[in-house]
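**Q** One-letter residues, chain by chain:
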Amino acid sequence: MPKMFKKILIANRGEIAVRIIRACREMGVVPVAVYSDVDRKALHVRLAEEAYSIGESVPSRSYLHVERIIDAAKKSKSEALHPGYGFLAENPELVSRCEKEGIVFIGPPSEPMKIMGNKTASRKKMANAGVPVIPGTFEPVKGEKDLKKKAEKVGFPILLKAAAGGGGKGLRLVRNRKDLLSSLRLAQSEAKASFDDPSIYIEKYIDEPHHIEIQILADDFGNIVFLGERECSIQRRYQKVLEETPSPFIDDEIRKQMGQIAVKAAAAVNYRNAGTVEFVVDQKKQFYFLEMNTRLQVEHPITEMVTGIDLVKCQIEIAAGFPLNFRQEDIRPEGHSLECRIYAEDPENDFMPSPGKIVHLHTPAGGLGVRDDNGVYEGYEVPLEYDPLLSKLITWGRTRKEAIHRMLRALSEYKIYGIKTTIPFFKRILLHPKFFAGDYNTHFIANLEKETDGRDAEEKVIALIAAGVKVYSERKSGLTPQSKKRESNWKFQGKLQNFSNRL
Amino acid sequence: MPKMFKKILIANRGEIAVRIIRACREMGVVPVAVYSDVDRKALHVRLAEEAYSIGESVPSRSYLHVERIIDAAKKSKSEALHPGYGFLAENPELVSRCEKEGIVFIGPPSEPMKIMGNKTASRKKMANAGVPVIPGTFEPVKGEKDLKKKAEKVGFPILLKAAAGGGGKGLRLVRNRKDLLSSLRLAQSEAKASFDDPSIYIEKYIDEPHHIEIQILADDFGNIVFLGERECSIQRRYQKVLEETPSPFIDDEIRKQMGQIAVKAAAAVNYRNAGTVEFVVDQKKQFYFLEMNTRLQVEHPITEMVTGIDLVKCQIEIAAGFPLNFRQEDIRPEGHSLECRIYAEDPENDFMPSPGKIVHLHTPAGGLGVRDDNGVYEGYEVPLEYDPLLSKLITWGRTRKEAIHRMLRALSEYKIYGIKTTIPFFKRILLHPKFFAGDYNTHFIANLEKETDGRDAEEKVIALIAAGVKVYSERKSGLTPQSKKRESNWKFQGKLQNFSNRL
Amino acid sequence: MDFSFWLSNKEYKLSLQESVDNEIVISLDKRQYRVSVEFISGDEILLNIDGKIHNVIVNSNSLCYSIYVNGQFFKIEKRSVSQILGKKGAKLQKREIKTSMPGRIVKVFVKEGDKVKEGQAVLVLEAMKMQNEIKSPQTGIITKINPAAGDSVETDALLFSVE
Amino acid sequence: MDFSFWLSNKEYKLSLQESVDNEIVISLDKRQYRVSVEFISGDEILLNIDGKIHNVIVNSNSLCYSIYVNGQFFKIEKRSVSQILGKKGAKLQKREIKTSMPGRIVKVFVKEGDKVKEGQAVLVLEAMKMQNEIKSPQTGIITKINPAAGDSVETDALLFSVE
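Residue numbers (the numbering used here), protein chains in the order written: chain A, 1 to 503; chain B, 1001 to 1503; chain C, 2001 to 2163; chain D, 3001 to 3163.
Derived by calculation from the structure, the hints in this document are not laboratory data.
Since the model is a prediction, treat every value here as computed from it, not as a measurement.
A couple of the hints might just be wrong.
[Unchecked claim] The calculated SDA-like cross-link candidates involving lysine to any residue, where the alpha carbons are at most 20 Å apart (straight line), are: (1) B:1192 <-> C:2051; (2) A:476 <-> D:3060; (3) A:401 <-> B:1030; (4) D:3075 <-> A:456; (5) B:1003 <-> B:1323.
Turn these sequences into a full structure, and let the hints steer you where they fit.
**A** What follows is the structure in structure tokens.
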């Protein structure tokens, strides 16, 4: 009979560490946080039950440092470790070190993680298991001659991709043969610089594709289930910006096929715990395996909203050796859910990072179907060192229309002042007729950025009136000591504005 | 073809006004707030699109003043008016004034409101319609002789109740005939003082009862549906404290019977819009009509959480003349939901009111299944003049156990400092073995209050350490001007503490 | 550094010293605690006590510390009650009971000259839609009752005196 | 009371006067607005403009007002740019471009002595896991480039000069 853990170390920070801490508390498990120097006052530390320092602010000396994480787990006597996403979440070395120390890693075993971490190896494995993969090569190309021959066989346009890659690095679109060699050289040098491995392979380029992923859960008893899809085509520079489920693009028949294929993919590598199989879907709704993320996804909450299933709790239960307590036929997604990723970036200035102090924070939670998974608080200083994700704002509605209108309402209440955020940008996406109609693909944001954003004349008038009121009240009362003191917060803000103004 | 309203006036304040404002914004309707003098900076004003002053802080000169509400509706050109709950929500005069001015009242017509507002008239009407009512009289008793005769017929123990009554006023339990006359006199004088009407009627006393209510919706086209029940037996001085759905006490068969009877009750009075039929359920699961609340209930969110149906939006759609867009068979409640009513009251000091400034506010929204419908913000001063409800914290879980554990987690994150709140009291309820087992009735809180509450020794040590750290840091640094300035917030708090200490 | 605090009339002795790694070692009731401290804002403090996290609010005035820990409120006094009052036995004196919130008097249970026990209800004050029993802080005789049932009272109004 | 403000180099004239009912009447661009004001906290202001509610954040320094309205940021200047700079044409001067955030230089597109146009990318700085193109603020010649690709830069480090 399996036993639940007493203590879990959370080897992460920010909103995802907070998310996992909450799941632990709801299960009666003690959540143990770790933190770098700059994160001493971070929200995940404040909400944890125990917390241990693991080193300097630069990630390689704290959150990416396997031995310091292992030390903290041993010191706190944690029986298990949850890696979150990013940092060491897909690092087989951490998994082996956990195995060696007798700490349960809350995620897959190292073997499926290794296979899925290598683009060409996973393509080969999936193709052999009967999972459709994008036409192309299963090995890195062996030189210019090999490239030419294979490119002709796949047929232009093609993508050159880094075998060790991800995040759009070492990626080149080649529309015709005359650009082939120059593109190879650029892709190779980028791949070498980013991953210390210049290997490049070929994939057929699929025009105007959708990125759709399937959430799966696999326990130790051979049960593998899928929990519907997530439509992730709203991307900017290969980074997801907004996700929704169900996808407005696919139908129940394709949904079921994709789910069954995802289960097959997981089974082929003896997968355990939560995982996500990503597919590229072309305009004819043909779908192809792209990669498998062997961890919790940033966008997991939208699946939770429509299924009612807490994925983090499932991860912990599976890792503790419990069987899944529901079957495929018990999973009946209801309604529609959206997620907006709110970043500390300036959408009016080319999405320049905007770290700094959050002077005011008003979050919109309240009412039916609104969820705000954030990792910050009023007075918190968003550090420069890490990912700029501040919050994931999630809504649910009985219909897609209701979920969108609820998101617009929630965004209108969400106020983060002192730093710039992507909140205003989401209004542009959600109010766009193409988005509202559900008629979009991965090119949506690039097209949107070409459209001009008319600044609202009403807001300008209000700003001028506010300035007038401010002068008026200052002249009537004289400057109070308090208003002088508060200026210091804004000096920082001012500095950042100067930064962006100068650039 | 009906048309949606352009503007709705919300004749209320606090969390319910905020709730309705959010529904309006999600429907593209302009929400118009009204406010009394003390509410100039209240959250419902800050979140509205338009706001109008309606008078002095005392309710009779603002929120209870029919003509000022009507004036604000006319001035703002609102087409409809939502009364919320409390204040004028069940006042037929407001309904008639709206009818006269051509403003749509978002609630029932005045006729069913009048019938249900009178205890004896509604008992008679319901009994005639075949709705089971508690045995007793259908008319006020006509004197001491009449009382004696009828009391014997009903059989002791009996309740004497004010015909115009509510909230436990003019209510007396009579266990045997020797106390009958003295109890009548007390009940009559209380009824006279509270409602200016000394009429008293008799009901059979039901021992250890449950209070369970059924939510219904009725449109203009003869469709009436029920949306499951709410278990409201956790009460303190006849005030609900915590509600849950489904009730752990009743089964599917009784649930369905109660739902059908509630629909019959609504049909009997030609009811329209949202309403709630309250039942008393005895230990043998016999249920009796108690009263009908002809408005939105405080605890409506738990029904929304399990059905996914936004009741406020339904109210607005029905009032605008749209038919319900779902049928009885489409309503399939999923999972379990709880609501804790967080009041500005001191649970360690006999629930004494605790108005004042909220110096710090950390709300727990985030993660799956947590909803915080609050009406306050950090820096807000909770006024003395109104109901002390600060927030309704609502959780949902796939099981009752999950919903309870989620509530405990959310409560542990919910921090309101500067005033006293009922947050610590809920932990005592939720962790009580009887509550956890679902084995409770309306006597639960009274029994709980007899049990001693062991103060946690660990917290005492932490408080002492914190005081030590404070002295240490003050001596090291000297008092900063800022820490001196902040003291003023706490002076107010100090005053209130003195108040409760003295009493 | 050594101090004494009083909590619920009991004295507690603390001794603090800074350790090399920026932690503070606190001795209390023969136990030692290793504490690290982060100041979040004016009165919000994040304590790490032997690895355990506690978010605490501390505010001080000249007499005491007002402290919230996990939603519980503690009033920790810098001096003992007997130090403040001079000596014991000073308790049974004339006490004037005022209200610091406006409200309406619903009921008065006693009349001037009545004997009351400590904790006995003297009158009912309604505020924030709630009825609150106002009790006598000591055993004695009611020497004055100011308002009558139905009266409205303002902040700081005298309710009654007991001697 | 009359003032002028500058927003995006355009001048706006405002005139304010208090009305009997505690409202302020503001004239701007030939329109009149009736405004009532509540101060929520230091820099948070609740405005009611002709019945419409707006939550606004206003902070001022000696040169300008920083204002957030509905999530949009406005910088309203007390004096015009030409007043600040003295006179026009002073624009084409030496400009030193510094960074106010630490990061890593990923790529440098130009070398010293190159001609650049206003808005042309000069180098790529990586911070917060994002790559950001740093552009030239004016047309001119690059007189100095400080860091090379791969270098880490600290806050306030000089990136390049353009003349």
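**Q** Checked against the structure, which of the hints given earlier come out wrong?
**A** 1
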